[in-house]
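Chemist: Chain residues, written in single-letter form:
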Amino acid sequence: MDANDLETINASLDFDSDLREKIRDQVTAFDKKTRTMVGLLNKIHSTPSDVIPKLLETVRPVLSSCAVITAGFSEIIPQDQFWRWKDMWSNSLRTAVFAATLLQYLTDGTLMPLSTVSSNLGIQEEWAGRFVLPVEDYLHGLISLVNELSRLAVNAVTLGNFQEPIKISLFVKEIFAGFAQLNLKNDTLRRRYDSLKYDIKKIEEVVYDVSLRKLAAPNQPTHA
Amino acid sequence: MDANDLETINASLDFDSDLREKIRDQVTAFDKKTRTMVGLLNKIHSTPSDVIPKLLETVRPVLSSCAVITAGFSEIIPQDQFWRWKDMWSNSLRTAVFAATLLQYLTDGTLMPLSTVSSNLGIQEEWAGRFVLPVEDYLHGLISLVNELSRLAVNAVTLGNFQEPIKISLFVKEIFAGFAQLNLKNDTLRRRYDSLKYDIKKIEEVVYDVSLRKLAAPNQPTHA
Amino acid sequence: MDANDLETINASLDFDSDLREKIRDQVTAFDKKTRTMVGLLNKIHSTPSDVIPKLLETVRPVLSSCAVITAGFSEIIPQDQFWRWKDMWSNSLRTAVFAATLLQYLTDGTLMPLSTVSSNLGIQEEWAGRFVLPVEDYLHGLISLVNELSRLAVNAVTLGNFQEPIKISLFVKEIFAGFAQLNLKNDTLRRRYDSLKYDIKKIEEVVYDVSLRKLAAPNQPTHA
Amino acid sequence: MDANDLETINASLDFDSDLREKIRDQVTAFDKKTRTMVGLLNKIHSTPSDVIPKLLETVRPVLSSCAVITAGFSEIIPQDQFWRWKDMWSNSLRTAVFAATLLQYLTDGTLMPLSTVSSNLGIQEEWAGRFVLPVEDYLHGLISLVNELSRLAVNAVTLGNFQEPIKISLFVKEIFAGFAQLNLKNDTLRRRYDSLKYDIKKIEEVVYDVSLRKLAAPNQPTHA
Amino acid sequence: MDANDLETINASLDFDSDLREKIRDQVTAFDKKTRTMVGLLNKIHSTPSDVIPKLLETVRPVLSSCAVITAGFSEIIPQDQFWRWKDMWSNSLRTAVFAATLLQYLTDGTLMPLSTVSSNLGIQEEWAGRFVLPVEDYLHGLISLVNELSRLAVNAVTLGNFQEPIKISLFVKEIFAGFAQLNLKNDTLRRRYDSLKYDIKKIEEVVYDVSLRKLAAPNQPTHA
Amino acid sequence: MDANDLETINASLDFDSDLREKIRDQVTAFDKKTRTMVGLLNKIHSTPSDVIPKLLETVRPVLSSCAVITAGFSEIIPQDQFWRWKDMWSNSLRTAVFAATLLQYLTDGTLMPLSTVSSNLGIQEEWAGRFVLPVEDYLHGLISLVNELSRLAVNAVTLGNFQEPIKISLFVKEIFAGFAQLNLKNDTLRRRYDSLKYDIKKIEEVVYDVSLRKLAAPNQPTHA
Amino acid sequence: MISVSSTFNAFREELDEHHDRRERLIKASRDITNLSKKTIFLLHRLALDSLTDADDGRRTSAAAKGYANLREVQSLYAGLRNDLAGDRFWRYHQQVSPGLQEYIEALSFTHFLEHRSLICFETVQRSLSDADHVPYLPLTTSDYLLGLSDLTGELMRLAISGIAQRGGRKQAMEICTFVRNCKADFEGFTSHVRDLSKKQAVTSSSLEKIEDAAYAIVLRGSEYDLPPEMLDDIVASTIAQ
Amino acid sequence: MISVSSTFNAFREELDEHHDRRERLIKASRDITNLSKKTIFLLHRLALDSLTDADDGRRTSAAAKGYANLREVQSLYAGLRNDLAGDRFWRYHQQVSPGLQEYIEALSFTHFLEHRSLICFETVQRSLSDADHVPYLPLTTSDYLLGLSDLTGELMRLAISGIAQRGGRKQAMEICTFVRNCKADFEGFTSHVRDLSKKQAVTSSSLEKIEDAAYAIVLRGSEYDLPPEMLDDIVASTIAQ
Ligand SMILES: [Mn+2]
Ligand SMILES: [Mn+2]
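So the protein lines, in turn, are chains A, B, C, D, E, F, G and H.
Just so it is clear: in the first sequence, position 97 is 97 by this note's numbering, and no numbers are missing.
One gets this note's numbering by counting positions in the second sequence from 1 and adding 224 to each.
One gets this note's numbering by counting positions in the third sequence from 1 and adding 448 to each.
One gets this note's numbering by counting positions in the fourth sequence from 1 and adding 672 to each.
One gets this note's numbering by counting positions in the fifth sequence from 1 and adding 896 to each.
One gets this note's numbering by counting positions in the sixth sequence from 1 and adding 1120 to each.
One gets this note's numbering by counting positions in the seventh sequence from 1 and adding 1344 to each.
One gets this note's numbering by counting positions in the eighth sequence from 1 and adding 1585 to each.
Hints are computed from structural coordinates only; laboratory data are not their basis.
One or more of the hints may lead you astray.
[As the list claims (entries may be wrong)] Using C-beta positions, here's what the derived DEER-type ranges look like: (1) S1210(F) to E231(B): 55 to 63 Å; (2) R692(D) to E231(B): 30 to 38 Å; (3) L230(B) to S1210(F): 49 to 57 Å; (4) A625(C) to M88(A): 45 to 53 Å; (5) M1815(H) to L230(B): 30 to 38 Å; (6) D1780(H) to A1076(E): 35 to 43 Å; (7) S1011(E) to D411(B): 46 to 54 Å; (8) Q405(B) to T555(C): 38 to 46 Å; (9) K1542(G) to N1082(E): 43 to 51 Å; (10) K1542(G) to R1109(E): 32 to 40 Å; (11) D411(B) to N1082(E): 33 to 41 Å; (12) S945(E) to E231(B): 45 to 53 Å.
[To be verified] Quick list of in silico lysine to any residue cross-link-like pairs, SDA-like style, CA-CA up to 20 Å: (13) K201(A) to L1563(G); (14) K705(D) to K1098(E); (15) K1305(F) to Q1438(G); (16) K649(C) to T340(B); (17) K1623(H) to Q1438(G); (18) K1098(E) to S867(D).
Remember, predicted model here, so these are calculated numbers, not experimental data.
Ideal placement from N, C-alpha and C gives every residue a C-beta, glycine not left out.
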């Protein structure tokens, strides 16, 4: 092989392998943050609704601090190579989406759109090609959100909050209707979307139990 | 090949193959004991709570008798070779951990720590390098414990014991919180830990059913 | 090669290949019968309990007619060669065991023992070495029976028969306890036996649902 | 499960598992003998033709001693169960056939027929149903013989024996012609038989090399 | 979970994961050395025999420098845990054995015994339990040596060295005879040993080609 | 399912399965013929060239009788379904091509073209869509022809026919050049074509040996 | 006499033509699969909306949209007519079959939404024929059965996702019976049609999922002594604005 | 505030566009693979003819035909330019890579026939660039190496099939050395490039085949005390008309 080529190739391979190492470090740091958020948010299942806002306050700073991580990614990923490396952090990113949208739902009952999640994670438009929040990862995060809310519907009732399941039901149905508009391939997203149906069914059952036992007051519309 | 060398090599291969045979026999004996315990403990699902203590008494002697087995291992495993052979008995050891911790939970509702399981199985500190209870196997045993308790929560209700699921729920959530603090790698342990979520969800649903029908009052939330 | 030897060898190869052909024909006929039985029995999931006896009457003659098949086998299999060819009909035989035992359970709620299955299939003692019902195949048939009953527990409830799951639960637990006493080696049978746990869990959950809602009372626990 | 039935089933399973253990021991002993023979016969490739008879004398007693093994099998295999267990010792038996027929070829250049191999291994007619030499295993042994002779053709020339390849060529072609008359199914035997072509081609090339250089005269063609 | 227990468990998991990282670094360094040696030794196939000694001189210092690596292992592996981690470096170690024994063969035509390989790699007796050269890895290295020598036999002839194949043939047959005396179980080693037959056949054919053409005289047969 | 459809589908499936049975019988008969031809043609390797014509006469009637088989196929294969079933007889058909072209080569040294092979096998043009000789199978047959001729080149010399290899060499090179004009996919044909190179190499070596030893007279051109 | 070289040249042309046709059919099959899959997604969307409709109007219009979508697939097949003519169909069957099955799945799903019944063989074959009823390709029983077998998976999805809505429970019960019959009908064909038994296993698991859903419906109504419609009304009024 | 429905509508458009692009690239990749494979066959044909030529004329013209063929592939890449622009290249790398490797194999084979050397990275990249040297896509080291690794298999075929001809023996010896060097050079990259070690194993087996051929050449010359050319002449005169 051409001596020149040999050197260039070796340099290029070394660069990639260094880069992979650096990304791995960033992912470890990212993971730690998302795991902290998940740990804190896990308490919603045993927290009375009036204490929830206080709990959320403990999560917010961790979410904000993810901006440091995404900035880190934006610095090390070479221009246009986002898709080359993204599998390494997809899981963490999806968990961050999950945490951000759950926070939002618990705060004001709304769905945080992709662009807001993106800016909440400190992702900047000029990073295009280096670090973005892909639609696919946002959707994965939403599915995790629905999974969690079906669990919350059950536990809220146990804690005596009979209104929550109804609120959740309306919220989740809208998300489900959104997913129904997509043409998915036979991939993970499709499989997880299929499983959403069971979450919705579970939530419906809670709503059914609650309504028939007349435990819930007629609902005030919260969405428009 | 040098005749001397050949002899040494053959002696070494023969020693290993004899040893493997001996270990296999020990494992068979160990297996028999753990299977007996599992068989007995399987009855908890159809035993009213007041008869449980009597049932547990039948398990205790079998657990104690495991000391004979571990002593057997400590005698045949050459110094330093614990890790070479441990895959052969890992399954049995994990089942023993499961039996010991289930016994303890049913006795007084507490979690038996690793060191106590270890001494209950007759494992002695000076056996280090020959036979120990590795952290990993202890954790596997705990996961099996949670799997079993989610089943027990269901069956307790069938037997009319509406308080048990609530007790189980609190116990299991504590174990889960403990696991959440560990740095697990992406291995079997991690995968089995991830599956714990389903057990917890099931238990929560039982608690929901029971409290919705006012068959029992869930404990006061302990987290905020 | 010696002409004489060659002839003997060729005669032996030809005999075997003819025999294989004949066995294949018998197996096709056997398969047809077992498939008919399975097809009829499949209707139990949508048949109200009072019509079940009439349904069973349609299965009985097909089961009886299996005697023709087993007699066919006993005539073509050379003395001593049962074990040589048995893999060819194992599947059909196991399905026949499944049908016979399901028929019996639905008739009077009891487990048909091996010897009765054997005589129901027309197998005669003097056929030893030519055609028998091996223990292994009987056990495989029982596992299929449990698989089917876990599905029946669900569908019985849908048909408004809330007592059936409780009956099934007790029946299946007894089979499971029987299996627990066997020394199964680590083979297909063991693996299928391990999977029984899921069926039992499913049945227990149905019993739970039914008894929680006081739709039926579970029998008195029989173990202590 | 009926206690009686359970006992019978367990007895049957235990009997089989003990038997398997005993057979395994016999196979280990058989294997040792065949490995010794193969080890000794491996020397033919570097042994001048005049010393071969002396070498063969060392193999003969080992072959004779196989009678002890086959007698052992005939005692432990239950009547009618030969075909159930035969896969466990097929490999050893085929190697024994290989050794016996190679011994014979090297002694007088003839092919030992199946019945002679059988009696050489001490197999007795009244063992039918317990222990026999199946046609299939005899044929496998012959294929191994041809494999070995193609190697011998090469090494004989290296040792200066230019006549041997010609002798081998004629012998092997006769075996091949014999096989061509059999109705082999599409199984391992057929595949191994197809591979014989390569051995024959190799032997023909050796004969070509030798006759091209006028080191030996090929026999007169015997077919027209 | 008990806080104390949790801490111990986490410390243990962290220690293992750090250790794994350190071992991985050592293995990378080890790999680099063995790859260098293999790269240099690969040139024997195109190097005339009189230049071989000079080539070997370039390999020797690399082999010596492996002592640094093994010392590194001996420092980080905790007492008793050799067998826990050995799979991580087995491949590198086997390659090192291959390089050392090939070096020796090319130097003086002898087989380097296990103990010499061990000391050549700087492994010290007092490291037992932390770092040793297992019999199994030595044997794997020898099989790779034979694989390489069968290729060398061919290429030596191409380079005009007609004596080398004969030398190789005698050397390799001795190794093969050694292996034949070992009680190898049915594992990877056994399978690779079985494949040696093809290497030997190939070498025998080269010797045949060379001696048929009287390009070199095969040594006097040494076995009878 | 529509009762009408059910009937039609069943009729169609039964028709296909009958047809498969019939084809299988035809294939068995075809196979027998091709095996006879191969058996007879195998004798060319030990038959002096002057007796070859007599040998060929024994093959010709068998080849002619293949017309009965192909007619049989043409009657049972439904219009346009040739490609549906052809895998069942491809092997036999390729062997027939091999036999026909070998016969032709041995008769007058020419290559029998596809259309001649086709008509020799009794295949008629109006059978298009029911039974034809596809290019692919013709090519497979030619590759087998070359395989056989490389063996014949060797054996002809052994029999003292030094002219044959040269004749074969010219003939085979032309075929090889033909193959080189094709664009093959990575399939069996490609793999077999790759192997042709080794046959040509072998033939060349024979030609080389023969020419340099001045065993062959200068060649009279037979092709133009 | 023709030279070896020129005959092989002819072979080359024949083989190249064959490979090119194969490529064309593979590509077209990918397009057909994609269009069919998209149609199935569209139908799920429309079915979800139409479920609550008392009359069959919207249901019929959903089906109409499905048919319209599939007309594009049909015109693709019309274009492949020549590549699949005569004995070519079976030569390239392996390349064509996956797309065909996906199309049959989509078509039978559309048919189900309109008629609540299984589409018959003749109707599928007619959909793949020109105005004069001349088929673009011969429909095989195995493609027909394998395509229908996939339908059960989509029906399971339809049953489960509709279940939370009014009318969805009735639909789930209907589908349960329908899929049960499919499974029973197909059982007899498994030994004749390659790969059908694998698909039957999928059908079995779909059926179990539907049965579980039907079970849950019965179970949750069982605690109340009111007709299901009235229960539905109570729930609706609780949720509704 | 934007409704959930309309945001998901936007998602649908984005996902559909992505899947359509992916399909387009898969299809184009199949075409590229086929064209490259055909080129390789063509080159083998031409190489076989040109072997006996004393001068390099026909060899160069063989290469010229190879380059001409590959220009079609290059124009396909030019057409994919937009679908692979910016960050899209890496997004669809998995779909594009197999075709790229096959193209590099064909290009490097052509280059070898002309120069008897390994094509350098820059030359491959330039072949995939427009007149202004703007690349249609960024060439990655891994595609470059994996494509070259496949070249050794073709060289093995070239060596073996030429061996029976005059000049073929010299060529086989040359290729033997060349492939040996390739194998040695690539060895250092195996730990960095996925799948390269699998391809190295294929290279090893190709190399062994070439070595066996080289061995046979030496061996059969060894019995005669004449220079190889003279031996060739004697053989030629025996066969020749
Ligand atoms: Mn589908
Ligand atoms: Mn290639």
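Chemist: Now tell me if each hint is right for this structure.
Modeler: Taking the hints in turn, this is what the structure says about them:
| no. | hint | verdict |
| --- | --- | --- |
| 1 | S1210(F) to E231(B): 55 to 63 Å | holds, 57 Å |
| 2 | R692(D) to E231(B): 30 to 38 Å | holds, 33 Å |
| 3 | L230(B) to S1210(F): 49 to 57 Å | holds, 53 Å |
| 4 | A625(C) to M88(A): 45 to 53 Å | holds, 50 Å |
| 5 | M1815(H) to L230(B): 30 to 38 Å | violated, 52 Å |
| 6 | D1780(H) to A1076(E): 35 to 43 Å | holds, 38 Å |
| 7 | S1011(E) to D411(B): 46 to 54 Å | violated, 37 Å |
| 8 | Q405(B) to T555(C): 38 to 46 Å | violated, 56 Å |
| 9 | K1542(G) to N1082(E): 43 to 51 Å | violated, 33 Å |
| 10 | K1542(G) to R1109(E): 32 to 40 Å | violated, 60 Å |
| 11 | D411(B) to N1082(E): 33 to 41 Å | violated, 28 Å |
| 12 | S945(E) to E231(B): 45 to 53 Å | violated, 34 Å |
| 13 | K201(A) to L1563(G) | holds, 14 Å |
| 14 | K705(D) to K1098(E) | violated, 28 Å |
| 15 | K1305(F) to Q1438(G) | holds, 17 Å |
| 16 | K649(C) to T340(B) | violated, 31 Å |
| 17 | K1623(H) to Q1438(G) | violated, 24 Å |
| 18 | K1098(E) to S867(D) | holds, 17 Å |
Checked against the numbered hints above, the structure breaks hints 5, 7, 8, 9, 10, 11, 12, 14, 16, 17 and satisfies the rest.
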